[in-house]
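Sequences listed follow chains A and B, in order. First residue of the first sequence? That's 1 in the numbering used here, and the numbers climb one at a time after it. First residue of the second sequence? That's 1 in the numbering used here, and the numbers climb one at a time after it.
Source of the hints: derived by calculation from the structure; they are not laboratory data. Take these hints with a grain of salt, some might be off.
[As the list claims (entries may be wrong)] Mimicking DSSO-like on lysine-lysine, the simulated pairs with C-alpha atoms at most 27 Å apart in a straight line are:
1. LYS100/B - LYS37/B
2. LYS45/A - LYS37/B
3. LYS100/B - LYS45/A
4. LYS45/A - LYS43/B
5. LYS85/A - LYS66/A
6. LYS66/A - LYS45/A
7. LYS104/B - LYS45/A
8. LYS13/A - LYS66/A
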Amino acid sequence: QLQLHESGPGLVKPSETLSLTCSVSGDSISRTNYYWGWIRQPPGKGLEWLGSIMYSGYTYDNPSLKSRVTISVDTAKNQISLRLKYVTAADTAVYYCVRPRERGARATSFDYWGQGSLVTVSS
Amino acid sequence: QMTQSPSTLSASVGDRVTITCRASRSINNWLAWYQQKPGSAPKLLIYGASHLQSGVPLRFSGSGSGTEYTLTISSLQPDDFATYYCQQYNDPLTFGGGTKVEIK
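Could you build the full structure based on these sequences and the hints that come with them?
This is the structure:
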């Protein structure tokens, strides 16, 4: 059974960098052809896709956040990571790690979600 | 850009419920619907505008084409009170603002 588990600091100071890791179990990032991704949801608000990455390191970026977002993959640890630079209070959100429904498709729906990790930006 | 309506919907058990998403340009049926309950991650219901995800009850259905799409719940059940989101994946990936289905 595929499981995604996000981890990282729950509190980040303004102007600093938010870093989260998603640990994947029940599937191998390097043996499958998925674009693993990150989606966030501010408290009480809607969903925003941040970007996606394949095991090869090839990324699919959200143009509106591309300058601040870095997504990376560690196949040895079966993890993907998210870094978001220069955070403000507007970046306070639950951050979800996701797996798409379709192999090899960078633009698709998402059928597996982690439980989410709340990150608060505050001094 | 995805415009979802209504933002809130009050309904009773047994009601037929319809939620609409409108895209700013044709998205060629590259549309999904999700259900989200408080404190939980979204759950995929429909993909490809009308294809039911495995395990999703048959009372859920999706339709539409071009720029306008609908999610229909044929007979609302107690477990269906939640927030629903549409997502287009015609590049880039964007979500609608959500529809909260609440008890009337």
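Hint check results:
1. Under the criterion of a C-alpha separation no larger than 27 Å, the hint pairing LYS100/B with LYS37/B is consistent with the structure, at around 10 Å.
2. A C-alpha spacing of about 13 Å is found between LYS45/A and LYS37/B, which places the hinted pair at or below 27 Å, so the restraint holds.
3. Of the pairs offered as hints, the one joining LYS100/B and LYS45/A holds, with about 11 Å between alpha carbons and a cut-off of 27 Å not exceeded.
4. A distance of roughly 16 Å separates the Cα atoms of LYS45/A and LYS43/B; the hinted pair therefore holds under the 27 Å criterion.
5. A threshold of 27 Å between alpha carbons decides the hint, and for LYS85/A with LYS66/A the separation of about 10 Å falls inside it, so the pair holds.
6. About 21 Å separates the Cα atoms of LYS66/A and LYS45/A, which keeps this hinted pair within 27 Å; it holds.
7. Annotation: proposed proximity of LYS104/B to LYS45/A holds, straight-line Cα distance about 22 Å (limit 27 Å).
8. Between the alpha carbons of LYS13/A and LYS66/A the distance comes to roughly 21 Å, so the proposed pair stays at or under 27 Å and holds.
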